[in-house]
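Residues per chain are reported as follows:
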Amino acid sequence: MYRYDEFDHQFVQERTAQFRDQANRRLSGALTEDEFRPLRLMNGLYLQLHAYMLRVAIPYGTLSSKQMRQLAYIADKWDRGYGHFTTRQNIQYNWIKLEDTADILAALAEVEMHAIQTSGNCIRNVTTDHWAGAAADEIADPRPVGELLRQWSSLHPEFSYLPRKFKIAVTGAPNDRAAVKVHDIGLRLHRNDAGAIGWEVMVGGGQGRTPMIAVTVRDFLPERELVAYIEAIMRVYNLYGRRDNKFKARIKILVHEIGAEKFKAEVEAEYARRPEQTTHVEEKELQRIAAYFAPPAFEKLSRFSPAFEEAKLLHPGFARWARNNLAAHRVDGYTIVNISLKPEGGIPGDATSDQMRLMAELAERYSHDELRVSHPQNIILPHVKKDDALAIWQALVPAELATANYGLAGDIIACPGMDYCSLATARSIPISQAISRKFADLDVQEKIGPVKINISGCINACGHHHVGHIGILGLDKKGEEFYQITLGGSSAENASIGSILGPGFAGHEVADAIEKILTTYVKLRQPGEEFLYAYRRLGPQPFKEALYAAA
Amino acid sequence: MSEVEKGQVMTANRLRDGEVVFLTRSGEWNEKIDEAVLALEPQATAALEARANEDVKATLVTGSYLFDAERVGGKIRALHMRERIRTLGPTVRLDLGKQAEGTGGAFAFKEA
Amino acid sequence: MPLLKNNAFITDSWLHLGAEDALPEGGNVTIPFSRLKNEWESLAKFPGQLGAVLSNTDHAEDVAHFLPHLALVVLPFPAFVDGRAYSIARQIRLLGYRGELRATGNILPDQFQYMTQVGFSSFEVSERFPLQSWQQASKQMSLAYQRGLYRRVGEAEVWSERHADTAPEPTPWEEQPHAG
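Chains as they are written, first to last, in my numbering: chain A, 1 to 551; chain B, 1001 to 1112; chain C, 2001 to 2180.
Just so you know, these hints were derived from the structure itself, not from any lab.
Take a look, some chain A residues computed to stay more than 12 Å from chain B by CB distance: (1) Glu-112; (2) Ala-140; (3) Ile-197; (4) Asp-244; (5) Ala-294; (6) Pro-296; (7) Arg-303; (8) Pro-316; (9) Asp-388; (10) Pro-398; (11) Glu-446; (12) Ile-459; (13) Ser-499.
Straight line, CA to CA, 27 Å or less: simulated DSS-like cross-link-like pairs of lysine-lysine: (14) B:Lys-1032 <-> A:Lys-97; (15) A:Lys-438 <-> B:Lys-1110; (16) B:Lys-1110 <-> A:Lys-477; (17) A:Lys-477 <-> B:Lys-1006; (18) A:Lys-77 <-> B:Lys-1032; (19) B:Lys-1110 <-> A:Lys-478; (20) A:Lys-544 <-> A:Lys-516; (21) B:Lys-1075 <-> A:Lys-478; (22) B:Lys-1075 <-> B:Lys-1110; (23) A:Lys-447 <-> A:Lys-523; (24) B:Lys-1057 <-> A:Lys-97; (25) A:Lys-478 <-> B:Lys-1006; (26) B:Lys-1032 <-> B:Lys-1006.
No experiment lies behind these values; they were computed from the predicted model shown. Even glycine gets a Cβ: it sits at the ideal position worked out from N, Cα and C.
With the sequences and hints as input, model every part of the structure.
Here is the structure:
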């Protein structure tokens, strides 16, 4: 894991002092709310329905147990004993006071964390594959580049007042778990025929009210040029991105309006104008950072763990959890543990401080002191010996953290929705709860197989509904909440935007509608055909008939 | 059947802690919607707006606005779900917010 | 409006002409960029110093040709959240411009340090903020991760410091025309 040096420490400490001063000036009236808002947002502080909300950055989703414990401490001391893990690998606290915020930032700085640029019209927290450094299919760990970009984008003087927010995602594996094609910039690492490593640079993906898949502007950018090249992209966007209409201000609209070719030409022209400086320092810095992400000292183990196999035979509950929640590790004898934060009827992504402390302890004992936050709002122990999986499961069960639904119908992504968010037009969480209760039977979920159900409480699409295999969008119709269903979206390497199936539903009708869709799928699928592929083969018609024919 | 009056309530968030507050008859901000003034006519809403603007300037509160509400049996209730959630707390965590602190007013959410 | 330069309020020595105003005999004069382009033939003979007032939709490459003849470039911030001028400032500095670069419009102390880092050297500011608030704002962050910024005394670039042994190639950015 990356560790701060004296510069990083000094940087976050100065930033905290700066925010303390800004908050005091706001409280004294020296700053107006309009002047203060961008400043607090760039420190992660929103004003939501019930109170201030603080979004803490978890860069590329990686945490140590010490950091996780500090998140639990903050939840207890300054919030209501819980936090909400988000689709951008961050954590949010919902009951924060402005007058406490600088103290919280100081507590974060103690464990090498911050809330810098988790909001605002600037470059946001860089996200990546939650299995980075562990996944069997990975070419190289993308987190060094994530850290390089975190540093470079932090308080960038030129790019702190962009037309709109800007999100970067990075993946080092062919199977895209970081949704890079629906980010403002997506970076995908790959090898060329000569075996060298380079980056595909994609621009202009995004969700919100105008969902788009990113276009590729460079196929194979050398790693040391990433910062300079991204700087050129950012400058083109900062200069030419629309500022007359905030709904058209994201870079995807610029790329769309001037066309991918013209946009590419502008970026290349800007890149060619960069000063005569080498990228030597960036290269050195990347090497320095990469050393922190050296693989932990894995033991030499057999691929086959008799203890693990025996435990599966002895404990059917464990066997199910192992089947669904463990993923292939690149080192023999190891596995990736996916802890579901989606218990039946629960709030997706929420964890209590006790749960956080338990997960921290398990990471310390069994996972080389590392945890990850995934964009589907779960927690991951990336480096676990198969021999230890049973002990972990046994510790998770009483804490309600052992739900064996990873990647299944109950593993729902949901934004906080109108229960918390001031932008929401409808509630998301109760819909998610109703669906997860509807599919409470894990036999049914397993029979259905992998499916991504994503729920957003407004058009801003924080719940990623456009790229859910099944997407649900909550809207307001004459003062009442109602929900649109889309099918066929994907955020993976086969990215696509879902299509609206038909007229919307009232909140209490949604779970039944989802059941009808999945029943139809099970009836019509070919052997081994996952929901997304069945939908792509069948088209919307059978699902429309199932939902609307009777009416 | 008790009389139902429809009108508007002035709300904001208290600046220092973000708490949802409502403007009362005495011109103070209170955490309970039951203490709020329900403005029934334009003159009354204008008075609430003037007061709120002053207190925004005085950095007591921020983000003030009027919302539609009704008085039923002497108790005030927001018409729209969003504002009901602000007056009570999350519908999915009845143990949190005003509804749990005894400041939620008369119209509580029910367990799902 | 006070003019802030080198950590002090100073008197503006420039005369700012509109599109139609007659040219004086000499002295320091700014001209809107569109007029500067149109009337360059005659303006080139102006005996005093010339400055250009840009809008934040002007393109740096269009200005490039005139930069060697200018002693002041003025760039506006119509709203403090409109960040285009940061990029134009950087482009103009990358083009080698060494003269005064002035920010006008909606400028707040909390954006001041960013402006100095991208190369602004003077600031037309509101009376609302006393000199002290600018002086404080200018030294809140002593570190920046980005390379090639303008640095004031006491400011350092983290990456360059970390890799000081890697002899960095000289760049136009390393000059500090308004240090202190």
